[in-house]
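I would like the entire structure built from these sequences, with the hints used as guidance.
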Amino acid sequence: MNDQTILLVEDSPDDVDLTMRALEKNNISNRIVVCPDGAVALAYLHERSKDGTHYVNPLPQVVLLDLKLPKVDGLEVLKTVRAHQRTTLLPVVVLTSSKEEKDMVESYSLGANSYVRKPVSFEEFLEAVRQLGLYWLLLNQSPPPTDND
Amino acid sequence: MVTKRPRLSATDRHASEKPVTAPGHARAAGPPKPLAHVYVDIFKNNPMPMWIFDLETLRILAVNEAAVVHYGYSEAEFLAMTIKDIRAAEDAANLERFLATQRPALKKAGIWKHRKRDGSFIDVEIVSHELVWAGRKARLVSSNDITERLQAEARILEINANLETLVRERTQQLESVNQELEAFSYSVSHDLRAPLRVIDGFSQALVEDYAKLLEGNGSKYLARIRATTQRMGLLIDDLLTLARISRRNVKRVPVDMSALAAEVVKELREKDPERHVEVRIQPGLKADADRGLVKIALDNLIGNAWKFTSKTAGARIEVGGEHRDGTQVFHVQDNGAGFEMQYANKLFGAFQRLHAESDFTGTGIGLATVQRIVSLHQGRVWAEGEAGRGATFSFTLEQGETDE
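Protein chains in written order, with this note's numbering: chain A, 12 to 160; chain B, 2 to 405.
These aren't lab readings, by the way, just hints derived from the structure by calculation. The hints are all genuine.
Below, simulated DSS-like cross-link-like pairs (lysine-lysine); rule was C-alpha separation at most 30 Å, straight line:
(1) A:K36 / B:K213
(2) B:K272 / B:K221
(3) B:K221 / A:K36
(4) A:K110 / B:K267
(5) A:K113 / B:K296
(6) B:K272 / A:K110
(7) B:K267 / A:K113
(8) A:K110 / B:K308
(9) B:K252 / A:K110
(10) B:K296 / A:K110
(11) A:K36 / B:K272
(12) B:K272 / A:K113
Now the structure itself:
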């Protein structure tokens, strides 16, 4: 599709493999960066070079964010991402097992762009990933960068 | 006014039998009159303990029989005491302050502690009135022993306090159980589904990538693993719905039940377009209920009717209602597989199923959910059916006149 990065914040190696497989099956060949917890994800997004002049990593096209994460959980990641000038407009898709209303409401109020519940069936998951890829990597126009990346 | 009552003559005679013993009484009251004896009797024979004390010296000038009986002092002992002597030492200052400050003629003197002859203390409510006794300014005192009443009140207060503590404790327990339940549901929602996804995902990967290596029934077994995984996923979702309903507050609004039923049927038709089911919904069905909850109930009831008519030629579902004994009753009726009435009481238990999974799929949680929703509305749900001929589920969403 393009050379933009997808940031996958997911602690379960099984889920990481299955998500990668689903992306692959849908011919989504973007670079996938996997962060196994919220702290690593925030570091990836906000880490600056030693001289402080620029960010170490390019902004991803979209973040696929699990909610239940070690150290810093998904909702906190979302809160920090929105509070930070660099990532305030970054598209974040919450991708989780939970269909708790509470999680949904909180995710949206913290500024999630989308909330997708991972289905049990892999076929349904494939379809969900296909649509996500189509929408966020092709259809959606990303917001302009909010700083000199 | 009293003097005009004819019955006084009888009392008069009675009074004359009991001579007045109060010293100086004759001087105070002037020449003895029959009526005066009556009044003295009213004092002497009064069922309430009474005495008269000198406002200056506080000495007790006269005492009645009830006081002697109740307090245990003889009349002579009473007459040798001041009103300070029947009180606890620590009350002396209070008493003086009290006597010094308040002087209306009729006085509710409040509650005091008095000492009986045996040394025990009683709580008494005192009322008094000024009078002149043997030429002295005095007060007539009536004492009402309220010791038992106060003890009873104290017991009630104590019981109430205990009850409040108990209620607080129970509420806390309930809250903590609710929190645990919430945490549990949350955990179920997150953690129990995740492994299912992995089982299904990798089973599918095996089918896709290694189909050639799977001999004999290999692919079939994998298909069965996946089917069971799906079923477990459904079970978890249904259990979560059931748990979520239990912790929800009912918000009653006017609900167009006919429209809601039509919505449910529309969704079923969209999901199952190849099914041909004749559905009749009585127009104008209304309820005052929690719309979200009632939607879930109708999802289950109409969904069941839809499912259990899947093997019926000329499948038919009817949604209707009627007023019965002042209560609106709703029905969902079908001509499907039905059930044997002897199992009717098992229908509403969680995980209870009356049909084999191979005949009709399901988790056995749907009707338990319906029952929970109906109970939350103080209503009732019941079922009538016949194997092979269909079932009728009826429910109310309010407390009926005959319900307790």
